[in-house]
Amino acid sequence: SQQGEEDPQALSIQEGENATMNCSYKTSINNLQWYRQNSGRGLVHLILIRSNEREKHSGRLRVTLDTSKKSSSLLITASRAADTASYFCATDRAGGTSYGKLTFGQGTILTVHP
Amino acid sequence: KAGVTQTPRYLIKTRGQQVTLSCSPISGHRSVSWYQQTPGQGLQFLFEYFSETQRNKGNFPGRFSGRQFSNSRSEMNVSTLELGDSALYLCASSPLGLAGSYEQYFGPGTRLTVT
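Note that the protein sequences, when read in sequence, are chains A and B. Residues 1 to 114 in my numbering are what the first sequence spells out, letter by letter. Residues 1 to 115 in my numbering are what the second sequence spells out, letter by letter.
Bear in mind the hints are in silico, worked out from the structure with no lab data behind them. Where hints are given, some of them may not hold.
As the list claims (entries may be wrong) - Some chain A residues flagged as far from chain B (calculated, every beta-carbon gap over 12 Å):
hint	residue
1	T20
2	K69
3	T84
Said to hold, decoys possible - Simulated restraints, written as ranges between beta carbons of each label pair:
hint	chain 1	residue 1	chain 2	residue 2	range
4	A	T67	B	G16	44 to 52 Å
5	A	E53	B	T20	36 to 44 Å
6	A	N18	B	S86	32 to 40 Å
7	B	T7	A	S39	16 to 24 Å
8	A	A10	B	E82	28 to 36 Å
9	A	N52	B	T115	31 to 39 Å
10	B	P95	A	N18	31 to 39 Å
11	A	G59	B	L96	19 to 27 Å
12	B	L96	A	A10	32 to 40 Å
To be verified - Residues on chain A that point at chain B, a partial pick, calculated with CB under 8 Å:
hint	residue
13	Q33
14	R36
15	G40
16	R41
17	L43
18	H45
19	F88
20	Y99
21	G100
22	L102
23	T103
24	F104
25	Q106
26	I109
Keep in mind the model is a prediction, meaning the values are calculated, not measured. Cβ atoms here follow ideal geometry from the backbone N, Cα and C, with glycine treated the same way.
So here's chain A without its partners, still in its complex pose (with noise of 0.2 Å):
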């Protein structure tokens, strides 16, 4: 089953705008990451935020963690049709060996229209 749950599951927005993702996930983690993911290809790494940290940034992202509502979510300013991919976020159990294994959300797909 799916540790996290992301919030909404479509978001289309006009270039120039700003799009939030939300994930929520159930058990203490080590981290949170964010993935891209092309239509159906590869998924590209976007961002680490680590259990003791609330806020990350990397060029137009932006990351918050609140492990007290087990939930992070995922701002992206100044959105570009380049965008345009499916977005999820990704956990791993603390405790325990969690060697390599990530486990995802639903995800969100975000469209960026021209």
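Fit chain B to the supplied structure of chain A, relying on the hints for placement.
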């Protein structure tokens, strides 16, 4: 550095057959993970290998197996294919072998269709 490569990119098989998929990680990466992606179940973890040892396994039947070679290249095998095995199979490599997750670098995937 070259990225993660997967072969073949597309594959069509018949129920009951078996299939082998190959993954070459980024040079220097020793951890290789495999995932299955379907519209219904999303992305699900299959297994992870490090230094030729399987360290972690997801909830998949024994028909799904894998291995890793001394050069870190990995293969996964699915025997007695079922229609439900139709999926995009993704391989990812990571430079670190420590417990916990780090950035994973994904290949383009192998699209398997079972008829």
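Could you check the structure against the hints above and give me the numbers of any it violates, in ascending order?
9, 14 and 26
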